[in-house]
Amino acid sequence: MRAEDILLPTSAGVYCELGGFHIDPTRPVDRALITHAHSDHARAGHGAVLATQETLDLMRLRYSEDFARSAQAVDYGEKVSLDGAEVTFHPAGHVLGSAQIEIAANGLRIVASGDYKNVSDPTCAAFECVACDVFITEATFGLPVFRHGDPQVEIAKLLRSVALFPDRAHLVGAYSLGKAQRLIALIRSAGYDKPIYLHGAMEKTTRYYESRGIDLGRVELARGVNKTELAGTITLCPPSILREPWSRRFPEPLSCLASGWMRVRARARQQLVELPLVISDHADWEGLTATIARTGAAEVWVTHGQEDAIVHWSVTQGLRARPLDIAGYGDEDEPDSASDDLAQVT
Amino acid sequence: MNRFAELLDRLAYEPSGNNKLRLMIDYFRKTPDPERGWALAALTGSLTFQHAKPSLIRALIAERTDPVLFELSHDYVGDLSETVALMWPAKPRQERRPQDLTLSSVVTALSSLGKSELPAQLARWLDELDESGRWALLKLVTGGLRIGVSGQLPLRSARGIRRRSS
Numbered sequence: 001m002r003a004e005d006i007l008l009p010t011s012a013g014v015y016c017e018l019g020g021f022h023i024d025p026t027r028p029v030d031r032a033l034i035t036h037a038h039s040d041h042a043r044a045g046h047g048a049v050l051a052t053q054e055t056l057d058l059m060r061l062r063y064s065e066d067f068a069r070s071a072q073a074v075d076y077g078e079k080v081s082l083d084g085a086e087v088t089f090h091p092a093g094h095v096l097g098s099a100q101i102e103i104a105a106n107g108l109r110i111v112a113s114g115d116y117k118n119v120s121d122p123t124c125a126a127f128e129c130v131a132c133d134v135f136i137t138e139a140t141f142g143l144p145v146f147r148h149g150d151p152q153v154e155i156a157k158l159l160r161s162v163a164l165f166p167d168r169a170h171l172v173g174a175y176s177l178g179k180a181q182r183l184i185a186l187i188r189s190a191g192y193d194k195p196i197y198l199h200g201a202m203e204k205t206t207r208y209y210e211s212r213g214i215d216l217g218r219v220e221l222a223r224g225v226n227k228t229e230l231a232g233t234i235t236l237c238p239p240s241i242l243r244e245p246w247s248r249r250f251p252e253p254l255s256c257l258a259s260g261w262m263r264v265r266a267r268a269r270q271q272l273v274e275l276p277l278v279i280s281d282h283a284d285w286e287g288l289t290a291t292i293a294r295t296g297a298a299e300v301w302v303t304h305g306q307e308d309a310i311v312h313w314s315v316t317q318g319l320r321a322r323p324l325d326i327a328g329y330g331d332e333d334e335p336d337s338a339s340d341d342l343a344q345v346t
Numbered sequence: 347m348n349r350f351a352e353l354l355d356r357l358a359y360e361p362s363g364n365n366k367l368r369l370m371i372d373y374f375r376k377t378p379d380p381e382r383g384w385a386l387a388a389l390t391g392s393l394t395f396q397h398a399k400p401s402l403i404r405a406l407i408a409e410r411t412d413p414v415l416f417e418l419s420h421d422y423v424g425d426l427s428e429t430v431a432l433m434w435p436a437k438p439r440q441e442r443r444p445q446d447l448t449l450s451s452v453v454t455a456l457s458s459l460g461k462s463e464l465p466a467q468l469a470r471w472l473d474e475l476d477e478s479g480r481w482a483l484l485k486l487v488t489g490g491l492r493i494g495v496s497g498q499l500p501l502r503s504a505r506g507i508r509r510r511s512s
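Heads up: the protein sequence lines correspond to chains A and B, in order.
Everything in the first sequence is counted per the numbering used here, starting at 1 for the first residue and increasing by one.
Everything in the second sequence is counted per the numbering used here, starting at 347 for the first residue and increasing by one.
It is possible that some hints are incorrect.
To be verified - With the C-beta cut set under 8 angstroms, the calculated list includes, among others, these residues of chain A facing chain B:
no.	residue
1	L164
2	A266
3	E274
4	L275
5	P276
6	T316
Claimed, not checked - Lysine-lysine pairs mimicking DSS-like chemistry, simulated, CA-CA at most 30 angstroms apart:
no.	chain 1	residue 1	chain 2	residue 2
7	B	K437	B	K376
8	A	K194	A	K157
9	A	K157	B	K437
10	A	K227	A	K204
11	A	K157	B	K376
12	A	K194	B	K376
13	B	K437	B	K461
Stated by the list, open to error - Heads up, incomplete: computed chain A residues facing chain B, CB under 7 angstroms, no partners named:
no.	residue
14	L143
15	P144
16	V145
17	V264
18	D308
19	A309
20	H312
If you're looking for bench data, these hints aren't it; they were derived computationally from the structure.
Don't be surprised by glycine CBs; every beta carbon is placed ideally from N, CA and C.
Make a model of the complete structure from these sequences and hints.
Listed below in C-alpha cells is the structure:
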C-alpha cells in the first residue's frame, strides 16, 4: 500500500479517504483535523472538528461559538479511531495547543506536522519527535541561510536599546497568537519586570494564555495611557500596525519586528524596521533537517515555504521527497498577512 | 568585532541622524582604544588595505556548501556577502571564541597579510564569528561598508564623547 492511498494531497489540504477527514483544510469540509489555531490552518465553517482543547478554545475566541457544527477535543497521546484510520495528536512546539497529527492505517504511519519548532518555548508543550514512514513537513525557513540562534540574545538587544533610548517607545511587531506571548515570557525571563503594553488586537489571546496558567507578569493595554508615560516602555502590536497612524500615540516610536525573516537584511529594510529581532516560532534550517532525519521517515512531503531546498536536501540524503503545492497556507510571520489581527480588531 | 558588527547593524537600519549619533556615542564610550580608533577609521572610510574580491568569497563558500543550496539561498538573499555570512557552516557556539577577535587584530592582520594568505585567514575568522560578525567582516574586507553614515557624523560623535566626559 502506498502512502497516497492513505493520505491524498489535494489542493484543499491532505485528505484521508479511509478516515473521511482532511487535515488543516483550506476550504470548508465535513470532517477536519486541525493542527493549530493560526487562521491559515484553522478555518471556520467545517462540519466536525477534532483538535486539542486549546486549539478549539482559540478558534472559539477568534471566530465565534459556532465556528463549526461540532467540535471534539483530543489530548496529546490519546488514540482516536476514525473509521479505518487511527489518529494521535503529538505536541508540535509551535504555539499553545499546536499538534502534529499521526495517522496509522494498514501498517503505515504518516505524521502531518503542521507548523513546528524544536526549540524550547515556555508558553507551549515541547515538540515531540514521532517515528514514521512518511513525514509531512513545513518549510517556511527551509533555506540554509535561516538559523534563528538564541532568542535571549535578541531580547538582550531589545533591552539594551530600551536603556539607550529612554525617551523613545519601543514598538515590537509580533504575531498575535503565540509569538506575542512567547516574547513577553522571554522578556520576563531576561529580568525585565516593568509593565509590558499591548495593542488591543492581542488582548484576548494573551488573557487566554494567562488563563491556562502561563505567567506573563504585568501586561496592560496601551489604549488610554498618556503619551509621555509611554517613553522608555515596550509595547507589542501586530506587525501590520507598525506603519499605521496608531503608532503616533507613542513618543518617537522605534519599530522592532520579531520574526525569523529578520535574519535577511532586505526583508527588514522592506518593512522599515529599525531593530530586527530574529525570533521565530518555526523550525530553522537545522531544525527542519535534523527533525526529518530523526523521524526515520523514508519519504518526505513538503507543504509550504521553501520547498525546493528541503526537497533537494532530502534527496541528497537518499530520501524520497515531493512538494505538495497546497495553496492557502500563508505565513503568520509575514507582516502583510494581517488577516488574523484584523479579525480580532473587529 | 561582534560589538562593532552590532553597531553597523543598528546604524544601517536607523534613519535618523540624531539617533545614529547616539548609537555611535554609546559605542565609542564603551569601547577601549585602539578598538574604537579603528572603528572610527572604518566608519569614516579611511582604512586602506588590499580588498578581497567577490570571487575569493565565492570560492570559500563553494568549498563548504552544496552548490544548489547556495544558489537557492543567494537568489533569495540577493547580496553575496550576506548570503555567505548567513550560510557559513558555523562551529557550535561553545567552540567559538568571538570575544577574542577584535576589529584591531583584523585590521592589523589585513595590512600585513600576503595575497596568498588571505583566503585561509578569512576562513579562520569566519569560523570564529556569528552571523552579524561574519557579515561585518565580509563587508569590511570587500570594501562595501554602506551604512548611510557620512564622514562627518562619526567625527561629531567622537567629539561628543569628549564633551560629555569632560
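Okay, the hints, checked on the actual structure:
no., hint, in the structure
1, L164, "6 angstroms, holds"
2, A266, "6 angstroms, holds"
3, E274, "5 angstroms, holds"
4, L275, "7 angstroms, holds"
5, P276, "7 angstroms, holds"
6, T316, "7 angstroms, holds"
7, K437/B <-> K376/B, "28 angstroms, holds"
8, K194/A <-> K157/A, "17 angstroms, holds"
9, K157/A <-> K437/B, "22 angstroms, holds"
10, K227/A <-> K204/A, "24 angstroms, holds"
11, K157/A <-> K376/B, "15 angstroms, holds"
12, K194/A <-> K376/B, "26 angstroms, holds"
13, K437/B <-> K461/B, "26 angstroms, holds"
14, L143, "5 angstroms, holds"
15, P144, "4 angstroms, holds"
16, V145, "4 angstroms, holds"
17, V264, "6 angstroms, holds"
18, D308, "6 angstroms, holds"
19, A309, "5 angstroms, holds"
20, H312, "5 angstroms, holds"
The earlier numbered hints are all upheld by this structure, with none contradicted.
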